[in-house]
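Once you've looked at the hints, dock chain B against the given chain A.
Those protein sequence lines, which keep their order, are chains A and B.
Residue numbers for the first sequence follow numbering that gives the first Met the number 0, so the first one is 0 and each next one is one higher.
Residue numbers for the second sequence follow numbering that gives the first Met the number 0, so the first one is 0 and each next one is one higher.
Keep in mind the hints are simulated off the structure, nothing from the lab.
Incorrect hints may have been included.
[What the hints assert, rightly or not] Partial list, derived from the structure: chain A residues whose beta carbon lies under 8 Å from chain B:
#: 1; residue: 8
#: 2; residue: 11
#: 3; residue: 93
#: 4; residue: 264
Note that the coordinates shown come from a computational prediction; the quantities given were computed from them, not determined experimentally.
Glycine included, C-beta positions come from ideal geometry on N, C-alpha and C.
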Amino acid sequence: MIMKQLFISEWQRLWNRKSTWISFMLIPLAIIIAIKHYIKIDALITPNSPKYVSCLNFPSVILGNESILFFDVIIILLIIMAVTSEYRKGEMRMVMLRSFSFSEIFKVKYLVTLSTVFLLLITNFILSSFLGYLALPKQEVKFPYYSNKFTINESMIYNIKYYVIAFLVLAAVVSVIMCISMMCKTTIGTLSASLAFILVSTILSEIISFLMDNTSQIYNILYFSFITRIQYIGVETLLAQTPQQVGIIFTSIAFHIIVFYLIAHSLFSDQDCYC
Amino acid sequence: MSSEKIAVKNVSKKIGKKTILENISFNVHEGDICGFIGPNGAGKTTMIRVITNLISPTEGEVTIDGANVVKERKTALLKLGAIVEEPIFFPYMSGRKNLQNLAMLNPAMSKSEQKEKVEEVLKIVDLQDRGSDKVKTYSLGMKQRLGIAQSLLNNPEVIILDEPANGLDPMGMRDLRELIFKLQKEEKITFFISSHLLDELQQLCNRFVVINKGKLIWQGSKDELESMGKSGRLEDAFIKLVSGC
Chain A
0 MIMKQLFISE WQRLWNRKST WISFMLIPLA IIIAIKHYIK IDALITPNSP
50 KYVSCLNFPS VILGNESILF FDVIIILLII MAVTSEYRKG EMRMVMLRSF
100 SFSEIFKVKY LVTLSTVFLL LITNFILSSF LGYLALPKQE VKFPYYSNKF
150 TINESMIYNI KYYVIAFLVL AAVVSVIMCI SMMCKTTIGT LSASLAFILV
200 STILSEIISF LMDNTSQIYN ILYFSFITRI QYIGVETLLA QTPQQVGIIF
250 TSIAFHIIVF YLIAHSLFSD QDCYC
Chain B
0 MSSEKIAVKN VSKKIGKKTI LENISFNVHE GDICGFIGPN GAGKTTMIRV
50 ITNLISPTEG EVTIDGANVV KERKTALLKL GAIVEEPIFF PYMSGRKNLQ
100 NLAMLNPAMS KSEQKEKVEE VLKIVDLQDR GSDKVKTYSL GMKQRLGIAQ
150 SLLNNPEVII LDEPANGLDP MGMRDLRELI FKLQKEEKIT FFISSHLLDE
200 LQQLCNRFVV INKGKLIWQG SKDELESMGK SGRLEDAFIK LVSGC
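Next comes chain A alone, as it looks inside the complex (with noise of 0.2 Å):
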């Protein structure tokens, strides 16, 4: 009940922030410009081609293809906004006075922050669905790595399976960002180390795909150790017609969810971080 109380402050004041509903009013107007962009390349292609977009597989390919890069930038700034910006302006002393302890603070800053995520990307799918229905060709179309093609029910649930394990994704990048946020405690320090671990992370993963003999196990655990790989490429994997590397992808995405949790959540906890 106290719990529910301090989730419902922080929900409130989350959304009554401007930059809050901007992210939200972006999702719709991203998913035009995907539509758009996606009509001039069908136009150039067959139906056969595996880079062939209709409403069936659009869902599954704005999210892996465009949106998730948006949805980290979107992470960082919930982050911004609830943490740093928060701890820096001394907003979150107006809670810590109150009579709950750090722990449940932080606890809350994590649920309100995945929970806006589940919220977004909820809106990001019934909106690709829905625009992608009107506006992009019915046909039916291969997915990554199957040989046949899929019907409507098949893709609605290749779709939502897709959007589950990119939850999942997000709530490990929820967690580093947290941890990343709680040792940076800038606004900028905080989005530049975001924006760096992102983008490190991206060209590590290349570098090691170049460099390494990519059939070995420890080159896979090495590949999906890295999120931003399991975010462009894993999830297509895992609901490949037959699956590969499930539990190096699956435990490396707890592995990112636990760890950094309980680090940040230690970070947040320890009082004398706030002298």
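Quick look at chain B alone, frame taken from chain A:
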């Protein structure tokens, strides 16, 4: 219920190798308006952060109405209202919305009680008419009053104010003084106020705690402190205490 509303026992605080507070002990009794004074950098804000459990003491303990702020944080803070450093609000929300948001954090109140409480405290600090305006449009004096309003949301028995008169004009200071007297008299609230505006504290407080370089150098009644200075002004006594002459 304890007559010692705030009890500080042998509190030390070290940050890294630096000792900020050293073995400080004092009590604030029920109904007191206790002034907490010391030169800049004496450790006043650190002490207030320890009392409000924003940071933990390295040694010693602090109790509020008998509840240890570290071991029984929730119980101790239930009876406490505070402004630490300066009254900071969420500027993108109105004064009323800020208070409603914070009132929600009071587990003992129902939703309707929270609403009533917000209107009640807005009335006490005379901000009902500006309650719907965004906080970013408030003057410093209004923010201080809103700060006191938020500290009243949980029906506290103790209020801690850190430099509440900072930046206030004479009218603002008079209003604040009258508000504190009113709350002490009508709501029986005990105050612990840090400030460097000694004339202001002289008009407000009945007891004083003086620290310098992280150590307690004096505590006692206003009359005792005034009698230490030649002119009866607090400033003379304070300078005498701090300089050791």
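Cross-check of the supplied hints:
Given the 8 Å rule on beta carbons, the hint for residue 8(A) holds: about 4 Å separates it from the nearest Cβ of chain B. Against a cut-off of 8 Å between C-beta atoms, the interface hint on residue 11(A) holds, since the closest Cβ of chain B lies about 6 Å away. The interface hint given for residue 93(A) holds, since its Cβ lies 6 Å from the closest Cβ of chain B, which is under the 8 Å cut-off. Using the Cβ-Cβ criterion of 8 Å, the hint placing residue 264(A) at the interface with chain B is not satisfied: the shortest such distance is roughly 17 Å.
Going down the numbered hints, you'll see the structure goes against just number 4.
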